[in-house]
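Trainee: Here's the letter readout for the chains.
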Amino acid sequence: MTVTLQDDAITLTGACGVEEVENLVGYLERRQDLPVDLAGATSIHTALWQALMVFKPVVTGTPASSFTSGQVLPAFRAYLEESQE
Amino acid sequence: MDELIAQFAIEARELVQQASDDLLALEGNPTGRDRLEGAFRAIHTLKGSAALFEFGPMLRVLHRAEDLLSQARAGKILINANLLEPLLAVIAWIDDSIDGIAQAGLLPDAQERQAPRLLGLLSVETADHDADAVGDARTSIPDWATSLYQRFASSGNDETVVAIRYEPHAECFFSGDDPIATMARLPAIRHLSVSLKEPAPSPGAYDPFRSNLLIEAISAGSLAEVVAVFRLIPDQVKLEPISGPAGGAGPTAVSDNTSVRPSSIMRVDSARIDRLIEIAGELITAKNRLAPLVDDARNHGNGPLARQIAASHTDIERLVASLYSAVTQARMIPLEHTFRRFPRLVRETALKLGKTIDLVIEGETVEADREIVESLFEPLLHLIRNGLDHGIEAEADRVQQSKPARGHLVLRARQRGDQIEIEVADDGCGMDPQRAKATAIARGLVSESQAATLSEREILQLAFAPGFSTAAAVTDLSGRGVGLDVVQRSIQSLGGTVDLRSTVGSGTTFTLRLPISFSMTRLMVVEVGDERYGVPIADVIETQKLPMHAIQPVKAGRAFMLRNRTIPLLILSDLLHLPLPDATPGDLKVLIVKVGPDLIGIGVDAIAERAETLTRPLTGLLKGVSGIAGTTLLGDGKVLLVLNLEELIQ
Chain A
1 MTVTLQDDAI TLTGACGVEE VENLVGYLER RQDLPVDLAG ATSIHTALWQ
51 ALMVFKPVVT GTPASSFTSG QVLPAFRAYL EESQE
Chain B
1 MDELIAQFAI EARELVQQAS DDLLALEGNP TGRDRLEGAF RAIHTLKGSA
51 ALFEFGPMLR VLHRAEDLLS QARAGKILIN ANLLEPLLAV IAWIDDSIDG
101 IAQAGLLPDA QERQAPRLLG LLSVETADHD ADAVGDARTS IPDWATSLYQ
151 RFASSGNDET VVAIRYEPHA ECFFSGDDPI ATMARLPAIR HLSVSLKEPA
201 PSPGAYDPFR SNLLIEAISA GSLAEVVAVF RLIPDQVKLE PISGPAGGAG
251 PTAVSDNTSV RPSSIMRVDS ARIDRLIEIA GELITAKNRL APLVDDARNH
301 GNGPLARQIA ASHTDIERLV ASLYSAVTQA RMIPLEHTFR RFPRLVRETA
351 LKLGKTIDLV IEGETVEADR EIVESLFEPL LHLIRNGLDH GIEAEADRVQ
401 QSKPARGHLV LRARQRGDQI EIEVADDGCG MDPQRAKATA IARGLVSESQ
451 AATLSEREIL QLAFAPGFST AAAVTDLSGR GVGLDVVQRS IQSLGGTVDL
501 RSTVGSGTTF TLRLPISFSM TRLMVVEVGD ERYGVPIADV IETQKLPMHA
551 IQPVKAGRAF MLRNRTIPLL ILSDLLHLPL PDATPGDLKV LIVKVGPDLI
601 GIGVDAIAER AETLTRPLTG LLKGVSGIAG TTLLGDGKVL LVLNLEELIQ
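These protein sequences, in sequence, are chains A and B. So the first sequence is numbered by full-length UniProt numbering: it starts at 1 and just counts up by one. So the second sequence is numbered by full-length UniProt numbering: it starts at 1 and just counts up by one.
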């Protein structure tokens with residue numbers, strides 16, 4: 001399992017493929033109070049990012065991939081900011 | 001302001017030329033991608049320059065033209081006559097405007113009035129071919145790319161980039177796509193944004209397996225690299241190359257090569273180069289004064305000093321000669337500068353005449369002095385129009401004579417030693433020597449008996465005689481009251497010759513031979529009264545001192561005997577209509593010159609020094625003065641008129 005529900009966070013670890021999106025969506029629906037921790041993720045499928053954009057949880061942690069941390073995460077945060085305005 | 005306008009005019013002429021070249025090339029080969037890019041670049045740059053000024057509707061016209069080209073680049077509209085005709089009309093319009101703009105700083109009224117027509121032409125285009133793209137085709141760059149670029153450029157970047165808009169297909173996750181992972185493969189990614197196409201679907205409507213994403217990015221990689229990343233999903237991606245604004249207000253669609261590429265070409269005011277040539281010329285004169293010093297030193301018994309001066313003289317001579325040839329070289333430009341103006345003119349003229357003509361240009365890289373290249377435009381234009389109008393037959397006639405329906409006009413240049421040879425050849429009906437003879441007789445250019453002795457070739461040369469050009473031949477094209485005599489005169493004033501060959505039924509060829517540059521000529525300075533004139537030494541066979549009593553009156557003229565030949569004698573002051581000096585000196589100095597097959601003596605008051613100088617053809621008001629070959633500047637800064645004895649005698 002790469003998407004897991006912890007006590008204090010929903011964590012993504014390792015290579016998170018498209019097949020995990022239902023799990024993630026399930027957790028996001030049930031536990032909107034929990035942040036999502038990306039620190040352990042090595043890759044995150046687009047479908048998962050889309051889920052995060054729909055549910056807009058608090059996202060923590062910096063993934064190891066420079067593209068993910070340098071480009072995708074800022075783009076995601078920028079989207080959250082824009083959609084709140 | 002004036003300087004800006006002048007700069008605009010210079011640039012605009014070049015860009016108009018560029019666009020015209022490219023559009024004409026596209027007409028021949030609509031798939032020529034680089035020509036399309038070239039035309040687009042030219043129009044785009046022109047638009048940018050025009051935007052700096054208030055040229056009324058010019059900006060709008062250029063904007064529309066640019067739109068069309070941009071759509072053609074995107075493959076949205078076809079490259080055919082419907083597209084090219086209006087664009088060529090725009091180019092011709094701008095070309096016509098430039099002179100007025102250069103003078104007044106404003107779009108001339110005549111051109112302003114034509115603008116609505118051009119806008120009409122251009123918009124018909126859009127409506128016809130591109131009904132669905134009209135909406136977003138208002139600007140050459142789609143809005144999404146512009147706003148994306150602005151977001152990126154606000155961070156202070158101005159490199160050339162590709163804007164990417166990727167809308168993954170809704171079912172893309174099922175086909176195994178991972179759009180963000182695809183983005184990760186992009187080279188040099190500068191900006192990324194992701195958003196939901198339809199914002200915040202209600203939780204019930206949200207399907208995590210369907211993509212509802214819009215991904216935009218800026219990559220500083222090459223277009224080819226970016227295209228390669230999306231090669232499997234081209235239908236879901238839009239790409240737009242954008243060049244850095246380089247100080248401009250907005251993004252530009254393609255890199256402007258001319259401004260980006262470091263150039264080894266420097267634009268120099270030709271007056272500065274002319275000044276260098278003058279100085280080099282003066283240096284030659286100054287150098288010549290060293291020669292007598294050698295003799296002086298020797299006469300004073302100072303042999304070693306004489307040798308030293310002689311050695312320096314040789315060194316300086318060599319250096320001055322190479323300086324002179326280097327600065328002369330700086331004035332050389334390729335004939336292309338003049339030649340490239342013809343394709344469009346030929347096209348327009350042919351259209352007016354209802355003829356179809358292929359213009360073949362060869363040897364445009366041959367170089368010659370700038371003044372020669374630029375002065376060639378008018379005479380060549382005249383010859384070309386002559387060929388189009390009188391030479392090449394109407395299509396139906398050509399077909400009847402089993403000629404190709406399309407007329408063929410060749411403009412060919414070659415370098416031959418220190419001369420250039422330019423041919424203007426058409427494959428038209430040719431000149432009929434019998435008709436030419438009849439015309440020449442009817443116009444009183446030759447008598448019937450004279451004409452009978454002339455060969456066909458000689459008869460054809462009569463076409464260059466003033467007054468030959470017939471009223472019947474005057475049309476609004478080649479007519480204008482200008483005959484071939486004017487062509488010949490202008491070529492001769494450049495130191496060249498024109499020759500005409502023609503075969504009835506298969507065409508006419510004019511051959512122009514011109515010097516490559518105004519080289520140094522050796523002049524003999526002669527005095528008449530208080531005036532001094534230069535005569536090219538090459539024209540003078542010998543000089544004689546003639547006692548007054550040796551001059552014999554012959555009918556109204558005078559003659560003298562030279563080695564048992566009777567030589568007619570003319571007096572230079574008569575030829576120049578100068579007042580006769582009161583006291584006739586004892587001896588007359590006579591220059592023996594050859595005019596045609598005959599020797600003629602020309603009397604002058606005195607023969608002064610010889611000089612090696614650069615003779616420049618007359619310009620401006622003096623241009624039409626016959627008998628004067630040009631002017632030259634002497635070492636003491638005085639201007640000397642150089643005579644054309646042959647013309648003077650006639």
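Since the hints were made in silico from the structure, they are not lab data. Where a beta carbon is used, it is the ideal one built from N, C-alpha and C, also for glycine. Wrong hints could be hidden among the right ones.
Said to hold, decoys possible - Using C-beta positions, here's what the derived DEER-type ranges look like:
1. Asp207(B) to Ala39(A): 24 to 32 Å
2. Thr62(A) to Ser147(B): 27 to 35 Å
3. Thr62(A) to Thr160(B): 29 to 37 Å
4. Thr13(A) to Ser175(B): 25 to 33 Å
5. Ser69(A) to Lys197(B): 24 to 32 Å
To be verified - With the C-beta cut set under 10 Å, the calculated list includes, among others, these residues of chain B facing chain A:
6. Asp177
7. Asp178
8. Thr182
9. Met183
10. Pro187
11. Phe209
12. Ser211
13. Ala217
14. Leu546
What the hints assert, rightly or not - What the simulated footprint calls covered on chain A by chain B, stretch by stretch (three residues with Cβ under 8 Å from a Cβ of chain B suffice, anywhere in the stretch; the number is not a length):
15. 16–30
16. 34–46
17. 51–64
18. 70–77
Trainee: Next step is simple, just say for each hint if it's right about the structure.
Mentor: For each hint, the structure was consulted:
no.	hint	in the structure
1	Asp207(B) to Ala39(A): 24 to 32 Å	holds (28 Å)
2	Thr62(A) to Ser147(B): 27 to 35 Å	holds (29 Å)
3	Thr62(A) to Thr160(B): 29 to 37 Å	holds (31 Å)
4	Thr13(A) to Ser175(B): 25 to 33 Å	holds (26 Å)
5	Ser69(A) to Lys197(B): 24 to 32 Å	holds (25 Å)
6	Asp177	holds (8 Å)
7	Asp178	holds (5 Å)
8	Thr182	holds (9 Å)
9	Met183	holds (8 Å)
10	Pro187	violated (12 Å)
11	Phe209	holds (7 Å)
12	Ser211	holds (7 Å)
13	Ala217	holds (8 Å)
14	Leu546	violated (98 Å)
15	16–30	holds (count 6)
16	34–46	holds (count 4)
17	51–64	holds (count 3)
18	70–77	holds (count 5)
The structure fails hints 10 and 14 (numbered hints given earlier, in ascending order).
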